[in-house]
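Using the sequences provided together with the hints, build the complete structure.
Take the sequence shown: its position 94, counted from the start at 1, is 94 in UniProt numbering, and no numbers get skipped.
Hints are computed from structural coordinates only; laboratory data are not their basis.
By construction, the Cβ of each residue, glycine as well, lies at the ideal position given by its N, Cα and C atoms.
You can trust all of the hints, since none of them are fake.
Label pairs and their computed distance ranges (CB to CB): (1) Ala47 with Gly67: 38 to 46 Å; (2) Glu52 with Tyr32: 23 to 31 Å; (3) Val61 with Leu86: 40 to 48 Å; (4) Pro68 with Phe29: 49 to 57 Å; (5) Arg90 with Tyr63: 39 to 47 Å; (6) Ala39 with Arg18: 30 to 38 Å; (7) Tyr60 with Glu81: 42 to 50 Å; (8) Pro73 with Ala47: 45 to 53 Å; (9) Tyr50 with Glu81: 56 to 64 Å.
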Amino acid sequence: MVSWWQLSQGLSTSLATRLRRRRLEGFKFSVYVLLPIGASYFFGSGAYPYLERIIQQRSYVVYPPEGPAPPKPNEMSRLVERERELYEARRGASGVSDAVQRPPFDARPQP
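This is how it looks when you write it as structure tokens:
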């Protein structure tokens with residue numbers, strides 16, 4: 001048979017263990033939350049003078065070379081007009097009516 005003293009010692013031990021575990025979990029949670037915040041503040045606030053040098057030495061993103069620039073609006077309208085004239089010339093030379101052959105798109109600005 002178990003005495004009341006043994007029961008009370010067992011309960012108090014488990015209660016103390018639970019309290020220790022709860023404090024440990026609270027400590028771990030605060031470390032998990034505050035460590036990234038503290039590191040971001042330390043490295044981002046300028047307190048760490050070597051950060052710029054590290055960033056310049058290690059280029060993580062390598063961008064492709066720049067391609068040709070898109071045409072300017074006036075050049076684009078000139079190209080569209082030229083395509084329209086070529087289309088009209090082909091349509092007129094073939095003798096096909098407009099109802100049968102239509103342009104694949106209408107590049108004129110809509111009012």
